[in-house]
Structures are given as structure tokens and as C-alpha cells.
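Novice: Given next are the chains, with one letter for each unit.
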Amino acid sequence: MYITGWTVLLAALGAVPAIITQDRGVTWLWMIAVVALAVIDAGLAPKPSTLGVRRTVPGSVRLTESTSGSVTVVNNGQRRVRGAVRDAWQPSAGASNTRHRLNLASGVRATFDTHFRPTRRGDRHADRITLRLQGPLRLGGRQQSVVVSDTLRVLPEFASRRHLPSRLQRLREIDGQSAVQLKGAGSEFDSLREYVIGDDVRSIDWRATARRADVVVRTYRPERDRRVFIALDTSRLSAARVGDAPRLDASIEATLLLTALATRAGDRVQVTAYDRVERARALGTTGAGVMPQLASALAGVEPELLEPDWPGVVRLVQSRLSQRSLVVLLTTIDTSTADSGLLEAVAALSQSHVVMVASVNDPEVEQMLKGREDSHELYAAGAAARGALERDTVSTRLRQLTAEVVTASPDDLAPAVADRYLALKAAGRL
Amino acid sequence: MSIDAGQRDYVSATAGPTITARARRSPLLFVGLAIFAIIITILVTQSRPADNQDLSIDNTAPNGAHAVAQILRDQGVGVRQVNLLSDARIEDPKHTTLVIVASSTFLSSAQSDSIAGYPGDIVYLGLTPDALEAAGPDLYYEYAEPGATVVAQCADPDAVAAEETRTGEDSISIGGLAPHDAELCFPDAEGGYAYARVETDLGARIFLANPHIATNDKLDELGNAALTLRAMGRHESVTWYVGSYADTTTLTWGDDGLAPDKITTNPNFLPPGTADALFALGLAALIAAFWRARRFGPLVTEPLPVVVRSSEATRGRARLYRRARATGRSTAAIRGLVALRIGQRLGVPRAAGKAGLLEAITRTTGRNSGDVDALLYGPPPANETAMMQLVERLDQLESEVHQP
Chain F
264 MYITGWTVLL AALGAVPAII TQDRGVTWLW MIAVVALAVI DAGLAPKPST LGVRRTVPGS
324 VRLTESTSGS VTVVNNGQRR VRGAVRDAWQ PSAGASNTRH RLNLASGVRA TFDTHFRPTR
384 RGDRHADRIT LRLQGPLRLG GRQQSVVVSD TLRVLPEFAS RRHLPSRLQR LREIDGQSAV
444 QLKGAGSEFD SLREYVIGDD VRSIDWRATA RRADVVVRTY RPERDRRVFI ALDTSRLSAA
504 RVGDAPRLDA SIEATLLLTA LATRAGDRVQ VTAYDRVERA RALGTTGAGV MPQLASALAG
564 VEPELLEPDW PGVVRLVQSR LSQRSLVVLL TTIDTSTADS GLLEAVAALS QSHVVMVASV
624 NDPEVEQMLK GREDSHELYA AGAAARGALE RDTVSTRLRQ LTAEVVTASP DDLAPAVADR
684 YLALKAAGRL
Chain C
3 MSIDAGQRDY VSATAGPTIT ARARRSPLLF VGLAIFAIII TILVTQSRPA DNQDLSIDNT
63 APNGAHAVAQ ILRDQGVGVR QVNLLSDARI EDPKHTTLVI VASSTFLSSA QSDSIAGYPG
123 DIVYLGLTPD ALEAAGPDLY YEYAEPGATV VAQCADPDAV AAEETRTGED SISIGGLAPH
183 DAELCFPDAE GGYAYARVET DLGARIFLAN PHIATNDKLD ELGNAALTLR AMGRHESVTW
243 YVGSYADTTT LTWGDDGLAP DKITTNPNFL PPGTADALFA LGLAALIAAF WRARRFGPLV
303 TEPLPVVVRS SEATRGRARL YRRARATGRS TAAIRGLVAL RIGQRLGVPR AAGKAGLLEA
363 ITRTTGRNSG DVDALLYGPP PANETAMMQL VERLDQLESE VHQP
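Protein chains in written order, with this note's numbering: chain F, 264 to 693; chain C, 3 to 406.
DEER-style ranges, computed between Cβ atoms: (1) C:P351 - F:P626: 23 to 31 Å; (2) F:A551 - C:A353: 44 to 52 Å; (3) F:S359 - C:V308: 22 to 30 Å; (4) C:P381 - F:Q630: 28 to 36 Å; (5) C:Q346 - F:R380: 39 to 47 Å; (6) C:T367 - F:R583: 48 to 56 Å; (7) C:P300 - F:S613: 49 to 57 Å.
Bear in mind the hints are in silico, worked out from the structure with no lab data behind them. Since this is a predicted model, take the numbers as computed values, not measurements. Note that CB positions come from ideal geometry on N, CA and C, so glycine has one too.
Can you make the complete structure from the sequences, with help from the hints?
Specialist: And the structure:
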């Protein structure tokens, strides 16, 4: 049951007889009559169970982009139905245009669009569809909510895809496909060809030259069909916010960019999100299907308030990888992560793989380092410096274990990881 | 999902549980509601508390005066009880008998004066010295032997009709001569009287020394009924006042001292009916509140993530340093970081140690080696001022290294 603004207006019109009669009793009678009319009108309204509702939801949408779904209402009853319908979603689904007027003859259906601009990554859930059916007097009506569960999957934003073209360009330069020849790039032997002026004399293959009358040089290309294994740390430290987003979001961006790049470079990428158990995985796909699969897998990954299980990560990597690969650990470099077994894990992994450890730096802490205004800021600078020294100690130990260490601010982490990957590839270390 | 949406069936609203179904599911709630409703009904209907006041006309107990009032009403006399003198508002004093049931402890002198000035007949059930004094200068208040039967022995027609009555604890005595307009009846053995009637300019003042003759219990004894009913039934209406400590107001009658029934502010400025219109609009606003309060479907909850800033640990450490005034520790960290950055900048390996770093710095900046040594590895600053100066010099050194 609900009442409309018309009921209120009718009640307010009770002021007229009140002025004429100047009798409170008349006013009371008027109000009681108005309420009674509204209640009767609500009773005369069609029953909500005569309506059928259906929701259509787009499968997924990327964060910060917008999409639209719809709600279809069909009138199964014999009477014309007037009223309204509301498509309720949780606030972070960013649903707009959710309320619509309803005017359906018997047997007719209508479809109403709902627009979405999600504000959070992950699965956004729909709530009920609420129906309001007006009575013949339009004073009141029946209201009922129908539970229709639906989910809109919000994929990671992948803001770092703007870095992709420049990195692909670099990849092509390494590859030798580009017009610009990058001498000595790559390490995998490609073919022999005749020497032309300008070639690096160091790449002359003397043995082949001896067999033929011409001077022959070797050409190289970067390795292909290498394996890249990306492990996202979803433990408690990844829940800490840097800027507006948790550390995990920067890790996801880096994963997406690196996967996009490595897939184009002809490498096979496996991704896992892990704290004490595996939260998400993406593997086994090649070609165009990789990115959608990965985005969908990472959409629902949330940080867990748990300690990471690094030996578990090592076991997982060893069970999934048989050949020498690049293992990228997207985690947080901190004294506490060092204590939690990261160093031992890196030591174990680097025996058979190339390990890269990537971590987000907090720009706020960087800012604290520069504070010189008063003694408070100096103490803050001291604390930040102490933290920086500790992180440097851990980084140094990781480098001593032959791991590659990448630290950058949240926005720069993805391109920094991609650059390091390209550098490794160019150096033929994969 | 978009793929299977085409095949999906329409969902219909299921009718909500009926009231009987709800009652079956949670009977306690409904029992509770029913009990609540019953209690409220009882409280509302039985809200008038039982009247057990002495000589109250609503009191049907032996000490009440319900019988008197009932007989008077049967005889066509309107009886009205007031518990506040200001509530009396007697419109027509000439045709209204005022019955005062109040001992002297209840009435202040101002109240007694206001009663004495009443321009109509008054019957005092029980004596108060103030009232006696106001009625006649020679009338006094005296203790009496209660329970004695006394005979009228006077010319007053009411007393004669009553013939006999019984004395109470009080009686009226005459100081000197009896006032010429006073009639005293029912003398007892000690010379006191149980009844006095004084004709004043304002009206008759009748004193019944023993108030208990008007109670439900004693009304039918001897001539009590005749005496009280004749005294009170003289006019077409009776205003019955029962005094109490709670009442501090004075008597009102006619237009005198009448409080205004409604307070109208500047009635000339507002058209008639404004108050009624506002009242109607107020009720409409109440309905509007219901209109707006009804949600179009329930609120949807959002599971919110925990928000922990990454810099919080560093800030906490900074607060600890500040509280402990750890200038030494704080500066040591800054020195360490500066040395680290300079070392990275100048390409000095960690293995080179302190000496290697110092040598590289002096080579680059041309500074005195001892000076740089004191700056990077000197003693910790003693206070915050020294710390600030030291950090400033460290910054200067670093900028020199970075921009040689």
C-alpha cells in the first residue's frame, strides 16, 4: 500500500471547508474521509501478482565505462495497469534511470532501460524489482517487490592500456619487424643474410662467411613461446590503500598490461591470485581469448585480511611450470613481507626461473620524505626514511637472490613492469 | 547474463503472507499486540480515577456526597463540582448556590476573601474561622461534643423542617450579642450551635457546623437530609467546591476574573478561520509525511571494503618518534637514506663502505672530507633545532651531489 501526492493535495483542500465552517470536527471528518478513500482506492488497485517482470543485464562492463540493461514488465491480468516500476541495484553498480512510469493494457508488455556506470570492480548485484500499481482514483495503490537476482560483472578498468601501443612499438623494434633496426636485439638466432654496410661487425658469422664468397651476418630475434607466470598477492598488505585504490588494483593493472604485451610477443601467460589459497586463475587460453578471460577472472578478486602463504605460491608455480619461465610476483616489499617468507620463496623460485618482484610505492610516504617545514614533518620524514631504508634492504636482498625488483607509484607500476619485461626479453634472459 | 536472458521466464510477484499466516508464524507478536490493545482500551476507558475524596459528589463511598447531589439533580437542581476555585466561573451568582467543602487548612486568606465576596448564597459544609468572621463579627468557632442529638429551637424554616440533627466536632458560638440578621439553631449543651444562617447584603451565608450530615452515610439520619437539601436547593444550580492543597486559585464568577477561553492574537489582522485552515493544513502535512515516508522498494545495502591507508604505519612511527623526541633516531634514518641516494647517484657500491662514499663525495663536491664525515656520520643532534639545521645541511649536500 502506498499513497500518492493526490491524496495529500486532497487533504490540503480540506482547508477550504475548514475556513468556511470554522469547525475542527469537519476538518477531522474530511481527513478521515480522504484516508479512507485512499485505502479503498488501494484495495481497488490491480494485484501486483498479475504482472510479470524480467531483467536483462549485460554480461560485463569495464569499470568507468557505461552500459545499459533493461527491465521488461508484462501485464498478464485482465485490467489496464497504471503505476510505476523500480529496478533496484546496489549503489556501486551506478544504476541510473531506474524508475519508470507504467501504463499497460491487458496482455501488453513494456521494456525500460536502466543505465549503469559502475563505481567498483567485481560482481555488482541487483536487488528487487518493485512494482507500484495505482488504484482507479489515483489516490493510493498496491506496492510489492519481486526478488529477481542478477549480477553485473564489472571488469578491471585497465587504465594502463594506454601504455600498450608504445610498448608494442618497442617490442617490434626488438623483434626487428620495425623499419628501425635495433642491432643486437634479441638473442634467439633467426637467420643468416648478406652483410650490408651499417650492420654491426660483431654479428658477422665468420664460419658462414668462409663457406661463401660473401660476408654473412647473423640476425637475431627475441625469444618466442616463453612462459610468463604472474602471481598476484591478495593478502592483507594488498588491501592497504595507496591514493584511492588498494594496492591490489595497481597489481591488477600491471597484470593486464603485462599479459597483453606478453601475449602479443608470443609468450604464454598464466595468472594466479593467491594468498593462502588460490582466489582466481587464468591459464590455458591463447590468442584473442586471453584478455577477456583474464579480466573476468580478476574482476571479483578482493584483498583478504590474511598472511600470504609464500611456500604455497612456490608449490603452485612449480606444479604449473615445467620449463624455465619468468615468474612475476606482484606483492608489497616491506619488512613484514620479508618475514613472511618472500625471500625464501624467491630463493627457491630463482633456482629454476627468472623472478621479478614488483611492488607499489606510496606517493604519500614519498611526500612525507620531503617534509621540512617543522619538527613534526621532520619526524615524519625520519619515519619515512626509516621505512625506505628497510624496503631498500629487502630489495637489495632480493637482488642478491638474482630477482628483478620493480617499485613504482601505483600509476607507474604497470608500465614499469612492462618495461622490465621488455628489457629482460631484449637481453635474452627469458 | 545476456545470453540466457531471452529464454528466461517472467517472474511474478508472489502474494505476501496473509495476516492469518503471519499470525501462525509468529503468534507471540499477535498475542502481544492484542494484550497491548486491550490494556490501552482499559486505560482509556477507565482513565478517570476512583473518587474517594471526602464529600465529593462523585464519591459513592460512605464519606462521599453523591447522594445529596443525586437528590438535588432529581429535584431539578444542576450540581457541578469544581476542584479549583478559578474553574467555578459562576455565570449567574444570584441563582447559583455555592457549596464550600474546605477546612481552614486548605483555604488561604485570599481564597477566603474571594469566597466571602461572592454575590450569592453560600453554604459552608464545615466551619472555617475566616468565613465565620466574614459573615458576622460576633460568630466564633468552637469545639463541641460530637454525636449529641440537638433540636432546632429557632425560627429558621429549614431548621424547623429538619427538627433534629447531630453535632459534629465543631460548633458556632456567639461572642456577645447575636447579630440581628443571624439565625442560630440546634444549640447543644455547651451553648454552641450546629447551624447558622446569616443574611448579608451579598446573600445568605449558611453554616453547617457538622459537614458529615451531608455524607452518603449520615444523610438519612434524623433531619440531616431536610437540613442540607433545603439549604442547598434554594436556587436552580449548585456549584460544589471541594478544597485541596493543590488549589491556590481564587473564586471567579460572572465576567470578573474570567480567564479568556481562547487566546486570539491580533484577530484584526488574520481573516477568520485562519487557525482552522492551518489546522487542516497541519493534518495534510501529516499525510504528506506518510506519502514521502513510503519507500519505493527497500534500501539496497552496499558491502563496503575496509579502508586502511598504506601510509598509516609510517605515520604511526612518525608519531612515536615525535612523542619520544627521538631526534637521534629520526636523523639517523634521514642520514642513512641520503647516504644511500648519494651512493646510488655516484655509483659507489655498498661494498665500498663509508670511506669509499666519503671519497666519492669529496671528489664530486670538492668539500672537506671531515666536514662531510661529520654531516653524514657525526654525532646525533641534541635537540630539534640542531636536527633541523643538520637536515638542512644534508639536503644541501645532496643537491650539490645531484647538480655538481
